[in-house]
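Novice: First to last, the sequence lines map onto chains A and B. Quick note on numbering: numbering that gives the first Met the number 0 labels position 423 of the first sequence as 422, and the sequence is numbered without any gaps. Quick note on numbering: numbering that gives the first Met the number 0 labels position 26 of the second sequence as 25, and the sequence is numbered without any gaps.
No lab work stands behind these hints, which were simulated from the structure alone. Think of the CB as a built atom: it goes at the ideal place given N, C-alpha and C, for glycine as much as any other residue. Be careful, since some hints might not be right.
Unchecked claim - Each computed EDC-like pair below joins lysine to aspartate or glutamate, with the alpha-carbon atoms no more than 20 Å apart:
no.	chain 1	residue 1	chain 2	residue 2
1	A	Lys267	A	Glu229
2	A	Lys154	B	Asp38
3	B	Lys157	A	Asp152
4	B	Lys157	A	Glu374
5	A	Lys154	A	Glu374
6	A	Lys214	A	Asp242
Claimed, not checked - Reference listing, derived: stretches of chain A covered by chain B, where coverage requires no fewer than 3 residues with Cβ under 8 Å from a Cβ of chain B:
no.	segment
7	121-131
8	145-155
9	208-216
10	365-374
As the list claims (entries may be wrong) - Using C-beta positions, here's what the derived DEER-type ranges look like:
no.	chain 1	residue 1	chain 2	residue 2	range
11	B	Ser156	A	Glu338	45 to 53 Å
12	A	Lys305	B	Ser156	49 to 57 Å
13	B	Ile181	A	Ser171	30 to 38 Å
As a plain string of letters, each chain reads:
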Amino acid sequence: MSKRSWPVVTPVPKLAALTLISLGLIAGCAKKEDGGAAPTGGGDKSAAKVAPAAPTTPGVTATEIKIGQTMPYSGPASAYGVIGKGDVAYFKMINAKGGIHGRKINLISLDDSYSPPKAVEQTRKLVESDGVAFIFNSLGTANVTAVQQYLNDKKIPQLFVATGAEKWANPSKFPWTMGWQPSYRVEAKIYARYLQKEKPKAKVCVLFQNDDFGKDYLAGLKDILGDGYEKMVIKTASYEVSDPTVDSQLVTLQGAGCDTLITAATPKFAAQTIRKIFDLGWKPFHILSNVSVSIASVLKPAGLDKSVGIVTGAYLKDPNDPNMATDPGMAEYRAWVKEWAPELDPNDNSLLFAYGVSMTMVKVLEQCGDDLSRENIMKQAANLNKFTISIATPGTELTTTANDFHPFSQMQLAKFNGTHYEPFGEVLSAD
Amino acid sequence: MTVVTTAASITPVRRFDQRMLWLAALLALAILGPLLVSDYHVFQATQIVVYAVAVLGLNLLTGFSGQISLGNGAFFALGSYVAVILLSKAGVPYWITPVAAGAVCFGAGYLFGRSAARLEGLYLALATFALATAFPQILKLELFERWTGGNQGVVLSKPVSPIPDLLGNDQWLYYYCLAVAIALYIVAWNLVRGRTGRALVALRDHPVAAATMGVNVVSYKSTAFGVSAMYTGVAGALGALAAGFISPDSFTILVSIQILVGGVVGGITSIFGTLFGAAFIQLVPDLTKKLSEVAGALGMPALASKLSDAAPAVLYGVLLIVFMMVMPGGIAGLVRSARARLTRTRRNHVKT
């Protein structure tokens, strides 16, 4: 491919080929890093405040509530696009049943390619051009951060964002933003509570990813253990996302003499960790961060037999658990997938996530009654009272207040038995 | 005979006028358009201007000096970060930041070009590809976190319009970007039409001959890299101001690919083609999405639901291939050949 012969107007075919090849390469690398899983619930008695319809809320008419979101339908995180499709499918079902107080939900779900500048553009399109009432379940920590100030400045609710960062629960600074799933910090607090209660003499090692995600876990452990942190956590080691392996970190941790290992790692490194500690003959009580619990993408590559005994915190039911086959909440979920999203895989935790988060959204809108002002939507989102979700871990409840923007702050520990996760012990709360 | 001479002597003048006319129309559109549309569309237009400058940077390098770069996204990122760090940590006024970003990127690009000057064709493409892939990881390093904000990125407060009664913030930023872009286009125009441009084209078309004629190969190649990086860096700085947020995730390898797509679609050896290229990468992805939705609604629902997310990407790919086949010189090439054909027929008419 010498460029010597490129004439003025036609250097293009080679470039074109190169361009297309690169595009193909990139389309091929979709990665996935979220997870989550467990069961249900149900009720609610919250205040449905009936006030005259606020005709001033953009996107709200007598027959429709227009809302928007951005999702990585293309790009490096396109595996998460399932969540957006699940959200849309859920509202289709709600609309077929007559909507909410007579209004259909029109969710405009746009592609942001997992790129923050694109998320800014698409969110502005939703707000300024499509005129949505609020933003629901946009995905990705960076993308949500990119539009957080903009939406808060405009006083537009940014509800139930699909990321586990702790920072969404900051009502004094960002009163218009709220997460949904247990944050990483909440998850770590729950592990700390468990250890404090069941294994107060544990010698804990922590392996964490050296970024906000990993550091949230350390922060959560410190929150609960307080002064006891130094005593209980005897060694920590970090890795960079760019590291090829975590072998040396694990050897160091094993040498420290820990009997408990908390791994705050994304899927690739979690799989490496499981494999390596098995090879080292190290048998710690192994707690694994919820983002890496996927059986298909983490445990199988590491070896299912080597994964037995792994413990994690679950907040949604496990679709792979055979005991869940007869669970009414899961049966309803599977029926919904069959009718409204037949092309999607019901065993995908992301789809279950979409189902749960959309259910919460519907609950909030029902609570709003006829007052669909943005103020009231936000007020009702912060007014969930022991709401239970049919596909969440039994015993978990969603509660929010004006000062507490953590809808989910409970989890139940579950242990991997070689085929699925078996819940054990009681539901633990971070607070 | 006399008639032919007259026609020949008139044509250049008329052509010149025509070009000026087009340019004036374009400028009028660029200046007046944003006064009439919504803030969101102004924001989109700003993005197009930003991309246009980035694509122009690539065209100077790939189109004129013949060096392929898949790594201009790295310079785009560098420019963004320089601007943002100056703005948020050093309190420098926003309108200087693109200048600083351009200077830093020129240096970085020159050094990179110097070390890569011996690489040709695909090898250079691979080296630049590596640069663009590695750069976001470097931004995440804890060592620099104090400045870069690490994974979290940095949120900026957007530039505020000094004349809020006349222009909104978005419009103000648009005109600012437009002014910077116009200046850069004029520089590029003069650059490629002067001695440097001729030397670069000579290098591209026949490096050995160019060297024999006294063109300093390494120096020109690295300068071309520096200039290209400077343009891309300025675009990055403007882009950061427009988006109001940067993080390593903003600058995946896709940014480089987009710039390349813009260059190829607009016409890699053209300056004004970059405008079409920029419009293409900004507008077509949404367009294909809309098209595939319409197709879905029009009665292929079964097929559409299966393909719905793949469809826009496929359509985008198909469009790209069609572009390559129908107009290998990009949109600028098409315009050029259409004009050539038109003038030829006109002359023939005159003859007969």
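Novice: Quick one: which hint numbers does this structure break? Sort them smallest to largest.
Specialist: 1, 4, 10, 13
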